[in-house]
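Protein chains in written order, with our numbering: chain G, 1 to 251; chain C, 1001 to 1311.
Think of the hints as simulated: they come from the structure by calculation, not from any bench.
Be a bit skeptical, because a hint or two may be false.
Stated by the list, open to error - Ranges of calculated distance between the beta carbons of each label pair, as one might list FRET restraints:
no. : chain 1 : residue 1 : chain 2 : residue 2 : range
1   : G       : E182      : C       : R1178     : 39 to 49 Å
2   : C       : D1154     : G       : H79       : 48 to 58 Å
3   : C       : R1109     : G       : V144      : 45 to 55 Å
As the list claims (entries may be wrong) - So the derived list for chain G, only partly shown, Cβ under 8 Å to chain C, looks like this:
no. : residue
4   : F15
5   : A17
6   : S78
7   : R114
8   : P118
9   : T165
Backbone N, C-alpha and C define an ideal beta-carbon position, used for all residues, glycine too.
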Amino acid sequence: MNKVLLEVRGLTKSFGALLASDNVDLEVLEGETHAIIGPNGAGKTTLIGQLAGDLVPDRGRVRFAGEDITALSAPARSHRGFARSFQITSIYADFTALENVMLAVQAHAGSSFRFWSPARAERALQEPARRVLEEVGLGARAGVPAGSLAHGEQRALEIAMALATRPRLMLLDEPVAGMGAEETQRMIAFLSTLKGGKTLILVEHDMDAVFSLADRVSVLVYGRIIATGTPQEVRANAEVRHAYLGEEIAA
Amino acid sequence: MNSRTRAIVLASGLALLAAVPPLAGLLDQPFYLDLVRRVMIFAIAALSLNLILGYGGMISFGHAAYLGIGAYAVGVLAHYGIDNGFLQWALAIGASALVALAIGAVSIRTSGVYFIMITLAFTQMLYYLGISIEEFGGDDGMRLAVKSQFGLIDLNNTIAFYYLVLAILVLFLFLGHRLVNSRFGMVIRAARSNEARTRSIGFSPYPYRLAAFVIAGAMCGLAGALLVNHTAYLTPEFMNWTRSGELMFMVILGGIASIAGPVLGAFALLFLEDALSGWTEHWQLILGPLLVLSVLFFKRGLAGLLFGKNE
């Protein structure tokens, strides 16, 4: 559990005068759950975007399993073993929950330049998709259009779509955003079942989620990582307390 | 409405189309044969546009280009004395696919308004090219002296030609249905619905969109070959931007994201046009507001009214 899976060096990205990522260094170990926290506007979403391949950094490198993937697109990274969930729920509202997950399976199950047989009827797509839906607790909701699912269910569907690509690394952008207390607990419990098996990068505001899930935490402030360590170490770090956690812990 | 009822409605519609020639003969109204045949040719073109517009989310404002290329393929070969229909139609399909490949390769890199404008611009280029070639009649166009020759099927026989067009329409409805439900179809629909998600699960939409664009262009090229045989006249007007607009209207009026929708749209638009223009010369003043109202109130189009929520 100590091999470096993802290595980020000197990642820099600015939008005009705003430096959203300032020389970010980050190492994520195989199998760990690594949380990235930081106040609003710290550059978390920009960082995730660069890790996922949606945003091109101005400078710096990203290495994954020893390979330099800085120039790879999001689809190419997906085929290297990246998967992500989005901060704002991103699903196919008109497709059923099952079809949503089947598409994710399809992307990793041979060519999609097939024009004739109905994709919905393919058991090789259906069966893995059903298994993943069961896993996230949506087994009974497979036939429901994704747009009609409750918010918490849609968040679970996001995770299901990421899981269905059988990733090595999952980028989870605020997986419990907007969830009620009970749903949050359920999601945390589910994510903890993934721990160890998969490498997780968790960007999260919810401190309960962070401290109950993360093996290590990196703190991002104004585009820079000011501390990395175990949750206890980070909690004890004076700079972090000052920059970010102070108020919340006091409260 | 379940899929069985939908199939029954669709089958009745097609049966009705099949009954047009004997009915027109019985009522001694050959004009209707001509009208319905023309509508079906446009329905084929609209159906092909719907694959990219409705299912692929690519709002092409230049689909008439392929009507024109298909028509010119037939007309130009005939002009030089080559009247073999198989050759002519193969060229119509092949040339349309090639041009769609070239236009698509550039246009699909853009999106939104840019995509609309760039597809329009390409088609206008072809339109002006058609106007400028004096050999083929320039902006006057030229008569198609001999219709495409197929040996067994004689296109001069209006009824045989009618059933050929109907058969191609049915074939394309079936092909379209298979296509949008295939793996390929699911990818282009997914990319339309949510591009970021589609990329993140591992699909790069570009090659799928381009392939859909080429397929739609090729299908519309065949409609162009039918159209020039129907009118027996080749004119660059087939590629006029208003023609592209009409095709879009058929798709939107009929209902996007439903395979049979554009066929309904073609019938509604062209029949309305025919009825209103017989009644008053200012028919466009009436048609315009009707179209605006239909877009406002029937968001899912005529297919939405008839079939309910679609696949």
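Report task. Against the structure, test the hints numbered earlier, and report the numbers of the ones violated in rising order. Result -> Violated hints: 3, 4 and 5; rest satisfied.
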